[in-house]
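Let the sequences and hints guide you as you build the complete structure.
Below are the chains, spelled out letter by letter.
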Amino acid sequence: MIDTSRYKDDPGYNIQAKLDIPYDPTLADREYNPEKPMAGRLTDQGPPHYEQFFPEVIKKNYGKWLTHEFLQSGVIKYTSETGDLMWVVRCGTPRLITTNLLREIGDISDKFCEGICRWTTRNSVEFHVTDEGTLKDLIEFLNNFKHPGGSYKLPIGGTGAGITNIVHTQGWIHCHTPATDASGMVKSVMDDMFEYWNSHKLPAKLRISMACCLNMCGAVHCSDIALLGIHRKPPFVEDDRITGVCEIPLAIAACPTAAIKPAKVTLPDGKEVKTVRVNEPRCMFCGNCYTMCPAMPLADEEGDGVAILAGGKISNRITQPTFSKLIVPYIPNELPRFESVCKIVRNIVEAYEKGANKYERLGDWAARVGWERFFEQCQLPFTEKSIDDYRLAYDTYHTTTQFKWSSHTDKLMKEAGY
Amino acid sequence: MIDTSRYKDDPGYNIQAKLDIPYDPTLADREYNPEKPMAGRLTDQGPPHYEQFFPEVIKKNYGKWLTHEFLQSGVIKYTSETGDLMWVVRCGTPRLITTNLLREIGDISDKFCEGICRWTTRNSVEFHVTDEGTLKDLIEFLNNFKHPGGSYKLPIGGTGAGITNIVHTQGWIHCHTPATDASGMVKSVMDDMFEYWNSHKLPAKLRISMACCLNMCGAVHCSDIALLGIHRKPPFVEDDRITGVCEIPLAIAACPTAAIKPAKVTLPDGKEVKTVRVNEPRCMFCGNCYTMCPAMPLADEEGDGVAILAGGKISNRITQPTFSKLIVPYIPNELPRFESVCKIVRNIVEAYEKGANKYERLGDWAARVGWERFFEQCQLPFTEKSIDDYRLAYDTYHTTTQFKWSSHTDKLMKEAGY
Amino acid sequence: MADLKKHDTPMMDDLKSGPWPSFVDDLETRGNGGVQCCYDLLGQMELSYVHKETHWKHGGIVGVFGYGGGVIGRYSDAPEQFPTIAHFHTLRINQPASKFYNSKFLRKMCDMWDHRGSGVTNFHGSTGDMILIGTSTDELEPTFYDLSHQFDMDLGGSGSNLRTPACCMGKARCEYSCLDTQAICYDLTMTFQDELHRPAFPYKFKFKISGCPNDCVAAIARSCCSIIGTWRDNIRIDQKAVQAYIGGELKPNAGAFSDRDWGAFDIKKEVIDLCPTGCMVMDGNELKIDDRECVRCMHCINVMPNALRPGVDCGATILNGAKAPILEGAQMSTLIIPFIKMEEPYEEFKDFVDLMWDWWMEEGKNRERFGELIQRQGLAHYIIDILGREPIPQHVREPRSNPYPFWKEEEVPGGWKRSLEDFRARHLA
Amino acid sequence: MADLKKHDTPMMDDLKSGPWPSFVDDLETRGNGGVQCCYDLLGQMELSYVHKETHWKHGGIVGVFGYGGGVIGRYSDAPEQFPTIAHFHTLRINQPASKFYNSKFLRKMCDMWDHRGSGVTNFHGSTGDMILIGTSTDELEPTFYDLSHQFDMDLGGSGSNLRTPACCMGKARCEYSCLDTQAICYDLTMTFQDELHRPAFPYKFKFKISGCPNDCVAAIARSCCSIIGTWRDNIRIDQKAVQAYIGGELKPNAGAFSDRDWGAFDIKKEVIDLCPTGCMVMDGNELKIDDRECVRCMHCINVMPNALRPGVDCGATILNGAKAPILEGAQMSTLIIPFIKMEEPYEEFKDFVDLMWDWWMEEGKNRERFGELIQRQGLAHYIIDILGREPIPQHVREPRSNPYPFWKEEEVPGGWKRSLEDFRARHLA
Ligand code: SRM
Ligand code: SRM
Ligand code: SRM
Ligand code: SRM
Ligand code: SF4
Ligand code: SF4
Ligand code: SF4
Ligand code: SF4
Ligand code: SF4
Ligand code: SF4
Ligand code: SF4
Ligand code: SF4
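Residue numbers (this note's numbering), protein chains in the order written: chain E, 1 to 418; chain U, 1 to 418; chain X, 1 to 429; chain L, 1 to 429.
Heads up, a few of these hints could be off.
[Said to hold, decoys possible] Taking lysine-lysine pairs in the BS3-like style, the calculated list, with each CA pair at most 27 Å apart, reads:
id, chain 1, residue 1, chain 2, residue 2
1, X, LYS365, X, LYS350
2, L, LYS288, U, LYS358
3, X, LYS268, X, LYS288
4, U, LYS358, X, LYS268
5, E, LYS274, X, LYS365
Simulated from the structure, these hints should not be mistaken for laboratory data.
Source: prediction; values computed, not measured.
Here it is, written out as structure tokens:
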């Protein structure tokens, strides 16, 4: 049992009492006075204390768990030192969910799990039960729990040597800088990868992540496979409103390649305004200027699309954490189903499934067989865009005579007439 | 037999005929007229053709060698497809040698080797013989061939899993930028390492290289152990002569850290001159300004000394070529015997001898056991100077939780009271 | 309900099929239930799919009184077509550590959000917050009022402040956890409420806490200050269980490889040979680990959880500086403190936090991430001059290969001032 | 002889003892023989040992008519104490490829150098030249005249020009050599005499040629253009010899480990497990290599030279850009051409050289090394736009991890000019 006496005076610790009182939709309207915002104001209360949401079995066995076992993909059995057992069922979600589904999750929790559920760090939902009968019922329930269109509402899976939920970002559902959509791409890729979601047949965990612009809110930079929205046209500059909406020095400072210079132009109406000009060949489309300045939009139907990076990882298991590497520089936004993205992901996953050793993460496999072999086996063309020319580029130069013959060298040698 | 018919018209191919004619010390004085330098001038003849210096057995077996075998350190037996055998005896030299020794080398070549010898890429001399009797005599001769002070003139060794001749540079014998001496340090270290020179007892080859300033003419940047002369005081600026002897813009451009700025000063005699000023805290003592500008000397008795780098390699064997890494930032110039340098080299070599696997180069050993262990086992203090803060620094940051406990962490934890 | 307007959304509709949960179905079902903004959201998404461009304007600055973060302003750039999402701000709500909830909470939150906003959410945002997507400016204060008064809850971070800390489930469920991840997360969140709500930093700052080096909250990739559990004594070994793995009674890696025939478990091939340091041997029937050589990578423990357990003398490794690519390229966190005890009230750790932040607030440029400051001013400078710690080899993957360290004047005997005359007395120019 | 002046050199004298050949003894013996400059050289060295500073002035520009390199000017800064070395220039003499000599040559060269200079030499300089250390300005032209007329020899490189190419001994003695290293070295040296003697480059440029990936001339570390032998067919295997190694009849690595007891040879441990690609197996008594997976690292061949030999379809791997640390840090050469046949007259290779140099002469800044230009303008740009070659994965250790590639306007449909009006028609500002 965990000792939470130390928290008992924390405001967040007693939220349960509050929760027992039904939501009062008129409270704020009655009590909150915009003229006196500080009246009765509560601030800096922080989040509720986590412990009060734990199932009893967790409270009792906190820090006492002995081991775990996957009964099937998405179903984990935990054993405690105390002899207690707990089963967890993990379900995928699209993360973008409405209160409709949230209420249903509440209902399921009530029905099977003392009312409790949790979300994982990759946006799966987990249900905890303490007996096998309930486990069976829960699984059966979830397997039949579907949307009108036929998709599972809460598909079981996502553990072990398979593909987990795709960490992703807002895309066109909510953000202002995306170069592609997030939710639609995730749906498309996960539909295609579903067989890996609910099975343990890969050589190791494979994490796909997705971010809709280079800000990388999905932090895709250390993922086995990273899907990344990219722009390919420099921002244009709205001379007629830039002074009003931007701090020009901030926009200039935002550019990593110093491509933005201050400028003065005369507008059609004769007014002289301060604005900026972009040295377009120096632009690498990061969008940081737009983040700082609404009058410099980059989004463009033809320019935007998806890049794929691969071979990153986070865990310290066997090998050290590694960055993902740019292997496909651009795929147009094919809507609604992102066919090429799906196809390439599949090629990579299948080549990995076939080629890697047990316990070997995707990037470790690529490093072991060599990137020449990786491109060959994933049937990906190699382009100059994968050759670094940014700050630390030199460290990716190939300063050895060690390389493998591959289709690439075959072709070169054939062309050279050897 | 190699086909050199293709070269027969090359000027350099027939040098033998010239060599038969004794040196004529008055020829140039007679024929060369400084007023008419082009008269009878021969230019762009290039080097003599190599083939004419080959021993007969090499001419015959060029490209036909089958295998080799080390009979002892410094003695290699070569076998050809043709059945021919050849023995090579390798001898150390200090590289800085006079015509006295060169003549003696010629004598030895005449006596034992059809007059022929060669130098290796690391400045050892090699003698080639074709029968075992001569081999025995040669070895005996060399073992007794000594300087008045007792040192060997041509010590046999330098092959296989041992320490070879130290590639080095000019130092105080001839250069203007050294921060230490080369010949004296090499002599001191090789005296101390002599047991490794003429034996095969290390886990792999161990290459020591030496360069007397950051220009690194010895290209020490990929050596198992690199000894490097370094300055530690910024250049001073001789205002009274800089304009005469330097192109100021070149000096400014030479500085990698942009520490040099143009300046104007008034000399004691009232004359205003253009000069430069050094932003001293930005200087990292590379000496490139002095290379461009004689009025900016860096050399200083107290500032100068030796840095040690380790763990580099060149061959592509098993692992890829690697840079040496800075492990000892500074040792004062201890003259004449560089005791601390010798001591540290010995510590490293002995730790390596003890710790490394067969075939494992020093840097591969350090990478395998971890650099924390390397410092511990070589009894070297770790200093902040080994932490990179130059251009590609980030790639040496330790972005993992994987590390070993070592004396360093023991100390920290003890201090923290754990 | 009468004036509900469903847009023609053929591409959205296509995203209903297939097994993976369809956000379209969810939104549409909610729309069908009479929530126009869900229809409008789908309509605008469809338009984005047609134009291949977002239809959200560049964010506006909105928020609640006295806070500098927690709300992301958002306006449609096609408000005439989609009036109910003309304003569509999100609120970031600070999640309970490791994200356990009960149904009471979920339902009351749904009641609130249905009333005050769109009923659309992200469970959860990438940083860890509960995200309520879509409400109008005038609902922001009432929502905050509801949250604070009816839930005792609070907003999470956005802007140049501390972001909502996050952690893995740790000891709640995981036998590997070397840290009380939730307790640390909660304590830091409570201690630094001011930093979380009132932007005083040069840019955003993130804490993440993982209980062990498996790093299930991606701390090393996504946090300016990564707190990762480790141990300094020995891996606990149950030799009988080792034999059970060898004998096949126990499934390797807890069954994580169950859907493929990898052949019988081979402890040599699967554990001993894969250990990155080679510090394990089978000595007869006994598995032996040379713990001094172990780098605590977790592999052997992951493969044989019933047989091996982390030690009991636990603490954290602290790493600094992870961030996304803009501007200088992505960074992972760099090892700074190899081992620190994380015991309440975490004073030693908080002293460190003070040093970290003081430096950054003093020296950091506008929009310079903490990791970028370390790079710009130098890792050694940070460790030694700012933190007052000793540099150790563990701070680097390998020592520098360039010969360009800086020397300070006081380190060099005689300093830097020299007499030109003396020099020239020794050396003719 | 009468006015010979020996200086008091206690520290130099200390460098006579010990087993390693003493340069002091050599110089002193020559001094004793009546050569004052050797005494003076030791005297000045002693003074440097006392002052811990060099006593050579910053180099002066001296040379021979019509050449821009080959001589390094050097003057003592204590000429009154050491008058015979007041001028002490060095000449770099282009060595014969792989540095075989005969005694006739050595003796005549000694005669010449004793007459024209100090009799002090470096056999050899780091670049590969024969270095004659120490003569006065007025002896330079006569020395050059002697060299060219009495030896048919020439100066090597210095300054911003091609430096003297160098190679390993290759097929002269080594069974591993995949290239006729000497022939290539000689041909390049002869072909590029003009570039070697008349500075027309932004900075120095070096060629080095190694016959195989053991790289005994350190090409990958020390040359702007590294030519390293390799093969593209299969490693030749003599299975009987493999058995002889296994059986202990043949010594591993040709006896290179003879002075220590490493135990009996274990082909698995010493060869198969150390192969970086794991592409070897023992299939019964037969050693099998999956040559497509081999990276030609030489290890197995080095260990069992009697059993394994490189293939017969040979050529070179070309790498570019090695250099010492100043300014941006040291570089190793980077793989550019994975395989090129090196057959006389090396036209394909020389076409490549032209492209390389044209670019550098066009774009290189003053004192910018070739490797620095590649870094500054980008490896891909060099490969594709300058060399007109296809980018292949072998060009990188690993693909870039930042998402910052440049796109050219022509690569993007519609180009970069866009209509702001159209954009704002779709998107309200
Ligand atoms: C639930 C969750 C923690 C949480 O607080 O929410 C979790 C739970 C577990 N992780 Fe994890 N990990 C979770 C995110 C992660 C992440 C973070 C991420 O992906 O963003 C990582 C780092 C991934 C990476 O390296 O790129 C992660 C790397 C691991 C590893 C190392 C795997 C590897 O081969 O490198 C293990 C060890 C293992 O799998 O044996 C592990 C092991 C485990 C165990 C076995 C721990 C335990 O004893 O319970 C849990 C079940 C594993 C499983 O699902 O196969 N967990 N785990 C997270 C589930 C996310 C999801 O819904 O998919
Ligand atoms: C004579 C020389 C070539 C020349 O043209 O002059 C030469 C000769 C041989 N080298 Fe070398 N190497 C020579 C410089 C080098 C260099 C260059 C250097 O050190 O500056 C290297 C790269 C060193 C590095 O990686 O840092 C070099 C790395 C090798 C290797 C790879 C060793 C390794 O473990 O990485 C081998 C293979 C071996 O030793 O089995 C090799 C093998 C050989 C063989 C066995 C080749 C043969 O079949 O004859 C020769 C005798 C080896 C020995 O001495 O143990 N040679 N060898 C050079 C002798 C220099 C000296 O006097 O010491
Ligand atoms: C909501 C969220 C994405 C999501 O779908 O989950 C998000 C959304 C935004 N992020 Fe983020 N970031 C979110 C987590 C992240 C993460 C991941 C993390 O925290 O683990 C990262 C990468 C890690 C890091 O901190 O570097 C991240 C890196 C960025 C950046 C780039 C920062 C940088 O230093 O390079 C920006 C740009 C900026 O700050 O101006 C950014 C900016 C933004 C803005 C505010 C857009 C902007 O340019 O101002 C996005 C608002 C979207 C919207 O309309 O709602 N967001 N952002 C995540 C926050 C949810 C939450 O609070 O839980
Ligand atoms: C003689 C020699 C050293 C030796 O003792 O062997 C040498 C001596 C000098 N080198 Fe060097 N370098 C010599 C091989 C090298 C090498 C090694 C190589 O070629 O394999 C390098 C490193 C590889 C490279 O090219 O980067 C080398 C990198 C430098 C540099 C730094 C170049 C750079 O890009 O960073 C300089 C500085 C400069 O060029 O101004 C330099 C400059 C010099 C100068 C001319 C001094 C100067 O600042 O002007 C030295 C004249 C010394 C003297 O008084 O005799 N020397 N120099 C070598 C030439 C002998 C020969 O021709 O055989
Ligand atoms: S990744 Fe970019 S587009 Fe996507 S949510 Fe983050 S800031 Fe917005
Ligand atoms: S997109 Fe990035 S690189 Fe291009 S101008 Fe804007 S800030 Fe600069
Ligand atoms: S390393 Fe420096 S000091 Fe030594 S010879 Fe080369 S340039 Fe001169
Ligand atoms: S020594 Fe180097 S860093 Fe210092 S001022 Fe001179 S050029 Fe600049
Ligand atoms: S990081 Fe470690 S302690 Fe936390 S959930 Fe993952 S495996 Fe368990
Ligand atoms: S935790 Fe990793 S390093 Fe330590 S013994 Fe296990 S496998 Fe080896
Ligand atoms: S580089 Fe290769 S071919 Fe040349 S000498 Fe060395 S081992 Fe022989
Ligand atoms: S040469 Fe190297 S890579 Fe090729 S088979 Fe031999 S050991 Fe393996």
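Self-check item: Hints violated by the structure (listed by number, smallest first)
Solution: none
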